[in-house]
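Visitor: Sequence:
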Amino acid sequence: PAPAPTGPAYSVSGTQVPMDDFYTPVRFKGAFCSEGAWIADWTALAQYGVLASDVAYADFEGADGCDVATPEITKVVTDADLGTDSYTWSADTTYILDGFVYLEDGGSLTIEPGTVIKGAAIPSTDDLASTLIIARGATINACGTKDEPIIFTSAFDDLNDPEDVAFDERGLWGGLIILGNATITDEADEEAVEGLDANDPRSFYGGNDDSDSSGSLCYVSIRHGGAELAPGNEINGLTLGGVGSGTTLRVIEVLANSDDGIEFFGGTADLKYATIAFCGDDALDWDTGWRGRVQFINVLQSADNGDNAAEMD
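Residue 56 in the numbering used here sits at position 56 of the sequence shown, and the numbers go up by one each step.
What the hints contain is simulated information worked out from the structure, not anything from laboratory work. Just so you know, not all the hints are guaranteed correct.
Claimed, not checked - 16 Å max Cα-Cα, derived EDC-like pairs, lysine to aspartate or glutamate: (1) K272 to D21; (2) K146 to D41; (3) K272 to D20; (4) K146 to E112; (5) K75 to D92.
Claimed, not checked - Restraint ranges, calculated between C-beta atoms of paired labels, are given here: (6) I122 to F22: 40 to 46 Å; (7) L51 to P25: 24 to 30 Å; (8) D287 to D161: 36 to 42 Å; (9) D81 to A31: 34 to 40 Å; (10) E187 to A121: 33 to 39 Å; (11) D164 to A37: 24 to 30 Å; (12) D20 to A309: 23 to 29 Å; (13) E163 to P201: 40 to 46 Å; (14) M312 to T88: 33 to 39 Å; (15) I122 to A91: 22 to 28 Å; (16) S86 to D189: 26 to 32 Å; (17) M312 to Y87: 32 to 38 Å; (18) D189 to R27: 41 to 47 Å; (19) A188 to N160: 44 to 50 Å.
Yeah, the Cβ is synthetic: ideal placement off N, Cα and C, and Gly gets one too.
Based on the sequences and whatever the hints tell you, model everything.
Guide: Structure representation (structure tokens):
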């Protein structure tokens with residue numbers, strides 16, 4: 001990277017580029033330079049072998065091994081297990097989401113580096129998919145590392161067996177939904193997020209606090225989600241509804257989601273370093289007046305499936 005310029009803007013080939021504490025000035029085009037790509041090693045793309053230079057994407061069937069050890073201890077998490085208190089999920093336990101699991105207003109959830117969270121394919125509840133929902137006023141702090149990423153995936157996915165779930169298999173569980181108090185551009189100040197119960201106040205996003213914080217995600221991999229809730233209505237890999245600028249979203253992967261990879265519904269949250277691959281719809285989608293910033297996005301779409309790399313409504 002070049003030395004950081006000074007002043008409110010700097011010029012590249014005569015074009016004024018905004019300069020603030022979010023954008024990283026670089027001397028290359030694209031999501032990364034040729035060496036030291038930030039998607040290496042920790043992502044599902046790397047673990048499945050998709051990034052290998054001698055692999056053709058269309059013919060890819062799986063790598064020979066993954067290096068993610070799954071703890072023997074498992075804990076099933078239902079909606080009754082999270083509320084308004086503070087909770088910590090640790091890397092010595094695999095957490096199994098059973099149905100819609102809400103972290104409620106005032107609650108905080110810390111997920112330690114290296115923790116694995118799996119969604120049950122058939123919940124024991126009446127919910128149609130296993131999904132983690134961070135409600136307005138709640139915070140999630142899920143900060144992994146390159147050596148110990150935090151992984152959300154399906155209960156079918158044995159991370160030590162790359163052949164049990166295909167690298168592009170979708171819809172095996174729900175996804176991660178984060179809802180905040182930032183403003184949206186809709187006829188109402190708040191809306192229920194798609195796919196959730198509009199009669200449940202925990203399902204709503206939107207407000208008047210653009211600096212609202214829903215916590216932080218970094219080195220988080222979300223895999224094989226997007227279960228169908230109704231015909232044509234699937235959950236995004238990462239849904240961000242009315243999430244404010246106080247939220248940190250850095251180094252995130254969404255792999256093989258049935259619907260969009262990452263979708264913003266309004267709000268002001270920024271996104272930096274995201275890789276989105278083999279989704280059934282758009283990779284990056286935003287509407288309802290999202291006003292955040294984004295830098296360094298890597299997208300792979302299947303030749304026979306998926307829609308736009310980015311849909312900007």
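Visitor: Does each hint hold? Answer for all of them.
Guide: Taking the hints in turn, this is what the structure says about them:
no.	hint	result
1	K272 to D21	holds (12 Å)
2	K146 to D41	holds (7 Å)
3	K272 to D20	holds (14 Å)
4	K146 to E112	holds (13 Å)
5	K75 to D92	holds (11 Å)
6	I122 to F22: 40 to 46 Å	holds (42 Å)
7	L51 to P25: 24 to 30 Å	holds (26 Å)
8	D287 to D161: 36 to 42 Å	holds (38 Å)
9	D81 to A31: 34 to 40 Å	holds (37 Å)
10	E187 to A121: 33 to 39 Å	holds (37 Å)
11	D164 to A37: 24 to 30 Å	holds (27 Å)
12	D20 to A309: 23 to 29 Å	holds (25 Å)
13	E163 to P201: 40 to 46 Å	holds (43 Å)
14	M312 to T88: 33 to 39 Å	holds (37 Å)
15	I122 to A91: 22 to 28 Å	holds (26 Å)
16	S86 to D189: 26 to 32 Å	holds (29 Å)
17	M312 to Y87: 32 to 38 Å	holds (36 Å)
18	D189 to R27: 41 to 47 Å	holds (43 Å)
19	A188 to N160: 44 to 50 Å	holds (47 Å)
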